[in-house]
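**Q** Chain by chain, the residues:
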Amino acid sequence: MGVDSRKMAFWAFIGSECLLFGSLIATYLVYKGRSLVGPYPHEILNIPFTSFSTFDLLMSSLAMVLALAAVQRGDMKQGKLWLFVTALLGLVFLGGQFWEFSHFLHEGLGLTTNLFGSTFYVLTGTHGAHVTVGVIWLLTLWIQAVRGKLGPKQALTVEITGLYWHFVDVVWIVIFTVVYLIQ
Amino acid sequence: MSEHGAGAAHATTGTYLRIAAILVMITLIEVGVFYVPAFQSVLVPLLLFLSAVKFTLVVMFYMHLKFDNRFFAFLFGGPLLLALVVIVSLLLIFYGAVRLRTGT
Amino acid sequence: MKSWLTTTDHKRIGLLYFWTAFGFFLIGGLEALIIRAQLVRPDGGLGVSAEMFNQLFTMHGTTMIFLALMPLSAAFFNYIIPLQIGARDVAFPRLNAFSYWVFLLGGLFLNASFIAGPLFGADRLSVAPDAGWFGYANLTSRQFSPGPNVDFWLLGLQILGIASLAAGFNFIVTILNMRAPGMRMLRLPLFTWMALITQFLVITAFPVITVALVLLMFDRFFGTHFFLPAGGGDPILWQHLFWMFGHPEVYILILPAMGIVSEVLPTFSKKPLFGYTVVVYSGVVIAFLGWSVWSHHMFSTGLGPIADSVFAGTTMLIAIPTGVKIFNWIGTLWGGQIRFTTSLLFAVGFIAMFIIGGLSGVTHASAPSDLQQTDTYYVVAHIHYVLFGGTVLGLFAGMYYWWPKMTGRFLSESLGKVHFWLTMIGMNLAFFPMHFSGLLGMPRRIYTYPAELGVARFNQLSTIGAFLIGVATLIFFWNLLRTRWQPANAPANPWGGATLEWAMSSPPPVYNFTVIPTVASRLPLWQTERHAPMVALPAEPPAPIHVPGGSWWPMITALGLPIIAIGALAHLIPIVLAGAAVVIVGIYRWAYEPFEM
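Chains as they are written, first to last, in this note's numbering: chain A, 1 to 183; chain B, 1001 to 1104; chain C, 2001 to 2597.
Same shape as in the complex, but just chain A:
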């Protein structure tokens, strides 16, 4: 077909991940409103806080796209900067998740407390695990760049990293709407 094999493989992988997250979201939605005991979503979800997390992840996608553009044109100084910023924003997101989870636990919503807890933590936890992998991936690339081993010849690698990162962002867009905003 004349396209890069790695890129095609990665789009296939992203397609398959749609089914992974789709099944988790379906489980969440099927069990919505069926918790036998509280806490319930409207009592515990913090929209302002989560909006900030959403904003953070959206900005990280911007940073990613700027990083790729920089690497593609050979500007490794900018490339390094934006790769690091993307990873940093990812870490901020993870920090926020960590804070949110601790807060919920404190408020009495644990993994096994009710169906809301179970479906919420498994769905957002799986997403968070994906973000974690992404941050490690980004930092690996950043270290490569710092060592002078990343350049425009590796633009495809950075592009694929970007595809992964944006996908993780896009899944969050869905989760934010379906879990937090549509209660």
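Since the hints were made in silico from the structure, they are not lab data. One thing to keep in mind: the hints can contain errors.
Said to hold, decoys possible - Under the rule of at most 16 Å between Cα atoms (straight-line distance), these lysine to aspartate or glutamate pairs were calculated in the EDC-like manner:
#	chain 1	residue 1	chain 2	residue 2
1	A	Lys153	A	Glu43
2	C	Lys2271	C	Glu2540
3	A	Lys153	A	Asp75
4	A	Lys32	A	Glu43
5	A	Lys149	C	Glu2413
6	A	Lys32	C	Asp2234
For chain A, the structure is supplied; the task is to place chains B and C on it using the hints.
**A** Same frame as chain A, but now just chains B and C:
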């Protein structure tokens, strides 16, 4: 050989920034819709629509799908559509059944 | 030996898959024979306990589906596809090796459960998976399945799922991106087409069972209630998620065999496949519709009239493209110059047996009639007609067809004919009576049955049939082994096939083709109305061809997965972390290893 969209059909930094601004604005609108009671009746479709717009913008521009080989859109779009159908089917089966049994 | 551990050559990986899968096929067969020996008499012919019986039928199903049939298909995907598309290897050779090692380790992990009892303070032979190959909730809950049996099952399947997914991505990219010049999609050999469609099913269906197994794992390990009514969960959700995977899975099982039949029939009829395009589109439609029928496995769960009707309708629809293929196969044979080789016999046997299995399938499609059939031996008849009469016979056709290409040696045709006829008699004797015992009310998964049910005679016939299959299979095994001592003198194209795998020597050189061919037709090696046969490829490559070396990292990375699983089984986090570390280090070393295609 790698093929990212031909140079001419490539988004610029300016485009990326504009899209980021739109994404932020839409998020603000979503949150606003959430809080304003007047929108409660159309909350679900409106939010689904707005988030779909965000989703599409990120996929088309940040993930470059608009400018890339159309086959990638199939590789992604097919399973995405399937996932949506799966979600809707399960909801219909679980909530449709409830409605039938309770007669509401 | 080391070269086999580090190989990234698709041909070697194909052979590794073949022998490993065949070994598991024999194990699964042994489990079946014990089941049949037990059921030969109402009160139990062997005195097998109920608990042991549960492990036997669970492992028989799980082994046959995940460790035998899928990997046997994978053996052919690996060996044949790059050759058929005119490529030197798959898109990601190391990922390909990784898939094999993960499969082997997953299979060993699952079967280790047979001897792991004492490690859990239990008897030997007591902790193998025992909740059915489909693990229905809430039988699988910690409450009703307290031992490690179900943990072995869910962890083993997760490992195997990774192997399948990786191979799925690999072959999709290979088939789409690495075809020789001129090999347009509608010139692809049918086997490669069906394999491509299968991989799309794999990458969409396996994530769903991954989620289902994760949710089950959380219920069992962490106390959630995803499938447990006590906490508000619904066991039916498991069935939905499982069958959303499970139904596409059966098409994953049958499409490759259909692809093989679509190769074998033209070769031995000296006629092109009748209606090539229609057969391709039928495969696509089957895959597509295969996603729409899952709840026909759940007609007895109270879905309600609307859901029942919808799924009955979609299930009936899927008979259409299947029927279309059957007519096209018959059309291929019609008027052909037929050579009755063993391979052809198995392909024709496939058609006949699959029709029978398809017919019982159509009776399942009607929700009311299925209500009588479901959970009885009628279903066991159906699944074995389609999976044994279909997939297994198709795979045998492929083995007799491609063995000379893969090893340079022929399988004995006389032994092959014995194998074929014994198998046909055995399988019909084994499975046809099950239609009757099922309709008379014999449930599935029981280790004894009441004499008053009147199914004893049918069970006796089934048991005799099963042992005949056993004998036939051993004859085949002997046939395979004895080729080792034969001269490797098979020519490049012993059967006069039309497709590219027959273009070079048997077996092909390590680099597959001296020169990548340019393809001008669907049948490159044949004289057709519009095309002369492809010019013979040179005997030696014009310039040295670089062949990538092997790599340790696929195998080493794969090793991390069962370590994680063992840690989870033993509830020991340090071992889980150690396994994860192996995987992570493996991936990094793999990524940074210089590896040139």
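**Q** Next pair to validate is C:Lys2271 with C:Glu2540; report whether the Cα-Cα distance is within 16 Å.
**A** Violated, at about 31 Å.
**Q** Given the hinted pair A:Lys153 and A:Asp75, is their alpha-carbon gap at most 16 Å?
**A** The hint holds at about 12 Å.
**Q** Would you check the hint for A:Lys32 and A:Glu43, treating anything up to 16 Å between C-alpha atoms as holding?
**A** Holds - the C-alpha atoms of A:Glu43 and A:Lys32 are around 14 Å apart, at most 16 Å.
**Q** Check the hint pairing A:Lys32 with C:Asp2234 against an upper bound of 16 Å on the C-alpha distance.
**A** Judged against 16 Å, a Cα distance of about 12 Å means the pair holds.
**Q** With a cut-off of 16 Å on the C-alpha distance, tell me whether A:Lys153 and A:Glu43 pass.
**A** violated, 51 Å
**Q** Assess, step by step, whether the Cα of A:Lys149 is no farther than 16 Å from the Cα of C:Glu2413, and give holds or violated.
**A** violated, 59 Å
Of the hints listed earlier, those the structure fails to meet are numbers 1, 2 and 5, in rising order.
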